[in-house]
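As a plain string of letters, each chain reads:
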Amino acid sequence: MIPISFLGSHILALVFPLALYSFLTSFVAEKKSDQGMLYSAGKATFFVFFLLTFAVLLLIGAFITNEFGLIYVAGYSSRSLPLFFKVTGLWAGLDGSILFWTWLVSLYSVIVWSTQKNRNPDWLPTLNGVMSFIILFFVSIMVFANNPFAPSLHTPPDGKGLNPLLQNIAMVFHPPSLYLGFTGFSVPFSFALAALRTRRLDSAWIDATRRWVIVAWFFLTLGLILGGAWAYVELGWGGFWAWDPVENAALMPWLLATAYLHSVIIQKKRGMLMTWNVTLICLTFLLTIFGTYLTRSGIVQSVHAFSEGNLGPFFLGFMQLIIVVSAYFIITRLNDLKSRNRLVSQFSKENAFILNNILFVFATFTVIWGTLFPTVSEWLTGHRTTVGIPFFNKIMAPIGLLLLALMGIGPMISWKKSSWINFKRNLLLPLVLGFFGCIAFWILGIRQWYALGSFALVLFVLTTVYLEFYRGIHALRLQNKTDAWTAFKQLFVTSNRRYGGYVVHLGVLLIFIGIAGCVFKQEVDFALKPGEVYNFAGHSFRYVEPLINEDEHRTSVAVRIEILKGEKILATLIPARNFYKQSEQPSTEASIYHTLLQDIYVIVGNMDTTTSRADLRVTFNPLISYVWVGGFVILLGVVLLLMPSQKGGLKSTSTLASILFMLFLWGYPLSPVYAQGMHVETGEDPFIFLDKDSPRYHQIKEISGKIICQCGGCVRMDLASCTCSFAKGEHNKIMSMLDQGMNEEGILDAFVKKYGMPVLTEPPNRGAFRLGAALPLVMLPIVFILGIILIAKKRRKQDEVLVSGESVPANYLKKFSQEVTKNHES
Amino acid sequence: MKHRIKYILGLVIILGVFIYLMSGTFSDSLQYYLTVHELIDKKDDYRGKQLKVAGIAGEISISSTKQGTLYSFEVIEEGDKLQVEYEGFVPDTFKTGAQVVVTGILKDNGVLEASEILAKCASKYEAKVKE
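Residue numbers (my numbering), protein chains in the order written: chain B, 38 to 863; chain V, 186 to 316.
Hints in this document: simulated from the structure, not taken from any laboratory. Computed from a predicted structure; not experimentally measured. Among these hints, one or two may not hold up.
[What the hints assert, rightly or not] So the derived list for chain B, only partly shown, Cβ under 10 Å to chain V, looks like this:
#: 1; residue: S376
#: 2; residue: R379
#: 3; residue: P411
#: 4; residue: W416
#: 5; residue: H420
#: 6; residue: V424
#: 7; residue: P623
#: 8; residue: T625
#: 9; residue: N643
#: 10; residue: F669
Every residue, glycine too, gets a C-beta built ideally from N, C-alpha and C.
So that you can see chain V by itself, here it is in the shape it has in the complex (with noise of 0.2 Å):
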């Protein structure tokens, strides 16, 4: 009996551990995944808040900065459109026409400053694409 309580009790804490250890980090590191399309429909509810953007990348203009280089391009989803802007090193797989996840920050004034750009390269190492 008292091995058994042993147990439970070891039982008990790991799992207390465990749930604290999931609700404290995960306040941290949620982040909305969206398409464009579900974005613009309530773009007052992500206003301000960590987002990743999923869609394709359209025409990229480049600027230089004091620091290195501006790029701003829209992310696009049959037909909805989304201006953003990112500044540093973009992976070398992005390109107009790839597919593109954007991390960032919803501004006021509805362009989303990226801090990260992830790129997906459409014709490469690629499963077989359903038939």
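The following block holds chain B by itself, in its conformation from the complex (with noise of 0.2 Å):
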């Protein structure tokens, strides 16, 4: 067998100089404008995905067969971590999320090529050169500092295990959301610099990159969610955001983002602000790899850990690369980008999408400002200070209102110049019940500002929402005489752009609620001993019992809880504390009591051992649940948003292979199949039956280290060391088969005609086995050797087509030598 960290480093060493030459040749095509380069550098791309597809599942494969060879699988995975976990070891530490990260922006870019090579060939060089070279980072990164291939020097019996805190469902799907957004954004920033390139600087850009920076948003907002829940039911403070620089980090990208598809729109419609969408879509690829950046060189301190990393400089100089090259061109096209269209009035939509994109950009810059004020500080005076959560809270706050003000009354107001009577007609009754809505929440009791602005805002920003849904339904009606529910379903049909819009609008709008409830919080820490109750905010809280369980790798320190309201008991919660043995370290398991107004969140903390005297924090988190619904919300419009209009047919084919991507990624870690039926764990020496100094006892050990336990808990340990009592009785088998005289080669061949070659731990080395032993290590030059044939034969063929002429479109040739000879001139 070769070493996977032999196979897997040499893998990355060969996608190092094919994503080079992808990239370099995509240049010499564009310069020479030669189509035969161009679609050699195509070829490369696909290699390079199919190296890297071959990479991830070899680390995949490394983590679920225990190959603790790899410092990186030793790092991050233990024998007794549930297979679920271990197959989600590729993106629990750095090396391995930057393989999974590379890995997504190679398929976005054949995702890329394949529908682009027939809509906008005149970009593909470009395309394919950008994302040929943010692939080349990435695994630059991979071969000269952090090689998830790289082999440890003694292989350790067992790995060190997966932070107990990242055993979490939520945990599971997050980093791979979160990277499908992160990497989103490096297909429309190639588009970008591709429209600028060409100086084709209409909205043909924009709208083939509608669908990606859609998606891209689209897991963004998805991993912040799941991120936020992660922390809420797993870190037991109670919270879901803290404006943590990691958070931070990923809420950058996504404001800029939000920014972007509001300025589009202004694009598409009245053509102007094309610069400014050009640059926020650079901007907020740049954040991407900022975030990153601000993460993992150890510039900032953050509780997530990530302490001092060595790839600063390689984030640096990417960004100022990323910096150079966008200004360059946005700088040299100022003149292709000018507006179509002047600022009509200071009344007008435009002007409601313009303060949008300015308080968007506002709310990007504080987070930056205070994430990174520390280091900045630190700079300036010497010392270090730092700016807690209330300076975030405090400037995002009056941000978040005037936004959603704006989105109440940006849909409503007209382009151009609105007048007082569209004014009337839209925003009388939406002002009018907001109004009266604030002055009844006053009433009923809520005086924080905050909530209070959220609450009435909310109220107007729904009517007007709720009015243009009655408007649409009731022209449509009118329009085909047909009943309402019919035409609601017909508005997603016609302009599914407007009214998915106001779906991801009316999940934003609970999110505010559920943001607004945490203005209600309420806190309370106590000690009770079995028996006694506490009460707190009209509830009782009795401690019934305490309950302590020990299994072979946890014990767990809980107590059972019953909430009472009155005499009635509403709920009982069993809040813990697991300490792992494998870890050293406690992980505290919330208890919650979730119901549509209020949480009940309570939290175990440390518990006198003979008294049973626990702590106890019980924390009221009001309207909670509302964030969680919201992000549904957002999601099912976004589905919306992404079905095909009409008008536009069936363009999807992008958006399309991203969902079934998604619907493979999600499925893929709930597919392997538990089978830890066979495995009871005895805890024993396997051997014990066995006199130690008979020769019984070598005999059969050294025949069982050579077959794999099929028990199916262990995950592929051989018989020798797995301690289950399947194993035992295979050793019972091996010692009667040797009664009955059989050899080493006998017995072995035995377990094969039982369980298949799969069993033995490596192929006998004989006759036919040596070939199947050596095959992998033939087939990776073979595999090679093809590849550049391949690449090398259809340029060939490309060039023959070029010059005779055929199969390739006429017009695009045309257009081809147009856009080089357009270049050369300026």
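Got two chains here, each in a separate frame; can you build the complex from them with the hints?
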């Protein structure tokens, strides 16, 4: 067998020159307008994707087979880790994350190539070049600094295990969602550069990237919500957002991307803000890299405990390059980016959008400033000073409310110049309702300005959205003479962009309600002995009994708590602290009583072992469920947005591919079947029934070392080291076979007959098996040579085609050469 | 020309709001971020102020109070020590030898009364350490 580390490292070493080739060839292809070169670059892109897929599968395989010879696997897995979490070890740490990240970019590059080959052939060289360069950057990190396949000198008997905090379902999907979002922005960025490069800056690139941006935004949103959900149920402090640098790193590109999603509408409808949009998308991409840099370079302090890494210079260099290249293209193309229209009036939809963008950029800047403040203050004054959560809350709260107001105003006022009649017709009712709502909430006793403002504005926006739907349905009913429900569905078919957007807005409203609920959060700490009761906020908490459980890899200290309202038991909660033997670190498991109006969130702290007196913390989180419900509504809205609209036809191959891929991604960690039925841990030496000095003992031990335990629970340990009861039975079988006079070869053959070839730890070194073992070693160069031949052959073919002028659309060639000459002239 | 004036006016308003917000919130939420060494050096300067102090947690002793548990421990940095008292819930990663960031107020007796403890686990999900 070739060691996985050798194979993996060499694959990555192969990807590097291939990506470089793809990048350089795209470059040359554009300069010389050489179609054949371009197709050669495309082949290399596909080959890179193929190899990276292989590398990813290899690393997952290494996790499943407990290949602790790899430093990375040993650092994030252990034998007792459930298979489910082993598979997700791929993105549990930095090195594997980078591999996964690179693979995603590569996947996107392949999709971009396939979808744009016929649609925008003049953009293909830049698109492929930029994507290849991004892949090249990440591959160079793996090749030169953080190789996920790095072998360790000594293979430890067991890995360090996965941090128990990460053993949570939300944490399984949170990183891939975020990565899908982050990497997704590399596509619109490439498109922007391609559009700039070819000076084809009308709305074509906006149309081509619309779905990409929405898909990336979708995954980023999903990632943020899952991260919040994880923090809420797993970290035990009863909240979901703490303005931690790592959270901020994901929020910054999200804010800019949201700004972009709005400002492109103006470009599409009015031909304005073209420079701004190009800049926004370049900045969004820059911020995805910046966010990664922030959390991985050690320049900011974070609870997420990323210690100082050695990747800083890589990312800094890459960021500088992005800035220089984007700035060069934008500045040299300023003339082409001139607005087609002017702002007619201050009181117009355009201005509402512009204000929205200013607020989003302002918010982004606030987050960057607050995150970097400790570092900046240290440079300037020598003192490291930090701004805490209050800083963010105080600045972001008014921005949030202003955006909320705009969310109601923007859709209701008209383009160019809004009139008083228009205003009265569209906004008077919502304003009046919002105003009376505000008074009603005041009377109900809500005095905190933020909550009051949120609730009133939510009511205001809700009315505008209702009016929009009502009018849309009404118009369709008159036009088509249908019932309301048909008309409602019709809205999403004819103008899904508009109404899908409103559904997203509804989700945002729900999240605002949830955030406003945080203002009314109540928290109390107390200690109880079993049987005692504590009263707080109209509820009673009775400590029924302590529950202490110990199993093979953890000790669980839990308490049973009854929540009573008057005499009625509302719920029984069991908050726990789990002490994992592997990591010597406890893990707090909050227990939560969910209702739509509020969550009651209980955690247990220190427990006295003799008296069973336990520290308890109870948090009332009003309205917090709305955050999660809002998240779902947003995701639903995005699906509506992505639906192919009737006018455009089915232009959504890329979207469809992304959604399919998402399903695949979600399905695949769930697919491995647990086969733990036969594995019963005995914990004892499996050879205890044998005299250690007898020759039989060594014989059996040697043979069982060559057979993989089939119990299914230990994940491919050999029979000599698995301590389950199944292995014990197998040892007895081996002994009886030896008693019957069979030799080692015969016994191994018997096992192969029963379980098939994979039962052996290594193929026997004889006959045809030797060839089998050598096959992967032989295959690699063969595949590589085949690939080169294929690329070369394709190139020659393309060259011939180019000469004969067949099968390449004439208009394409014309366009291509036109673009090139245009570039040369300028 | 009229447009330009309007835009400059808008810009001035935005900048004004920004500066107002920044200065207004800064004084409230500003905290000194120190290492134990820096704090011991100028103990008198920081007395009674909101501080964040980073270091390594020493031996932790636990005692019961009416409301819960009191954690007393030293935050250590290369020989410099700061006594810390904290009543409440500690994060899962908090243990002897963990990197901690303690937020609190320095009392006259030289003990930091903490209102928050953040702890980093030294071994898990971290980037590769410089070699």
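Quick rundown of the hints versus the structure:
1. For S376 (chain B), the suggested interface contact is broken, since its CB lies about 13 Å from the closest CB of chain V, more than 10 Å.
2. Below 10 Å, beta-carbon pairs count as interface contacts, and R379 (chain B) has one with chain V at about 9 Å; its hint therefore holds.
3. Residue-level restraint check for P411 (chain B) holds (minimum Cβ-Cβ distance to chain V is 6 Å; threshold 10 Å).
4. Interface hint status for W416 (chain B): violated, as the beta-carbon distance to the closest one in chain V is roughly 13 Å, over 10 Å.
5. Evaluation of the H420 (chain B) hint against chain V yields a held restraint, the C-beta minimum of about 6 Å falling below 10 Å.
6. With a cut of 10 Å, the hint placing V424 (chain B) at the interface with chain V holds, because the nearest CB-to-CB distance is about 5 Å.
7. With its C-beta approaching chain V no nearer than about 5 Å, P623 (chain B) sits inside the 10 Å limit, and its interface hint holds.
8. The restraint placing T625 (chain B) at the interface with chain V holds, with a minimum CB-CB distance near 5 Å, inside the 10 Å limit.
9. The closest approach between the C-beta of N643 (chain B) and any C-beta of chain V is roughly 4 Å, which is under the 10 Å cut-off, so the hint is satisfied.
10. Evaluation of the F669 (chain B) hint against chain V yields a violated restraint, the C-beta minimum of about 28 Å exceeding 10 Å.
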